[in-house]
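Engineer: Sequence:
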Amino acid sequence: ETVPPKDPMLKKKFYEEKFSAIVDRIVKSFDVNVAEFMREIDNSVQQSRAIFSQWDAVHNVTSPEQWDAIQLKAVERGQTDCPICLTELYLNDDLDDSCCQAPELNTKSRIQTNCNR
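The opening position of the sequence shown corresponds to residue 10 in my numbering, with each subsequent residue numbered one higher.
Since the hints were made in silico from the structure, they are not lab data. One thing to keep in mind: the hints can contain errors.
Stated by the list, open to error - Pairs of lysine to aspartate or glutamate, EDC-like flavour, derived with a Cα cap of 20 Å:
1) Lys37 x Glu49
2) Lys21 x Asp33
3) Lys37 x Glu25
4) Lys27 x Asp16
5) Lys37 x Glu26
6) Lys15 x Glu25
Modelling step: build the complete structure from the supplied sequences, incorporating the hints.
Structural biologist: As structure tokens, then:
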């Protein structure tokens, strides 16, 4: 029915139903758009990861030994953060394989950061 009734109560109900139908259509279109938007983001993230992986495979020129030397020099200069990954450098006797590690210092301790090379 497209013509509103004359009775004020029925007229109010008529417009409420029309408004509700319009809102429902808008919400459904947003749901579709949000789902499509999220798919586009996921695809973009996948493509970015693939590009970065390819870049790292071709341009990864810092060996673990070089990485360790870089961190050691940073500690020797009194820096508290890794110059590359910017995580905190600290001395620790207990080594964790998931952390970056530099060569042994004179104190027989090692430098560690929370980064993953």
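Engineer: All hints are to be evaluated individually against the structure, with a verdict given for each.
Structural biologist: Verification of the hints:
no. : hint          : verdict
1   : Lys37 x Glu49 : holds, 18 Å
2   : Lys21 x Asp33 : holds, 18 Å
3   : Lys37 x Glu25 : holds, 18 Å
4   : Lys27 x Asp16 : holds, 16 Å
5   : Lys37 x Glu26 : holds, 16 Å
6   : Lys15 x Glu25 : holds, 15 Å
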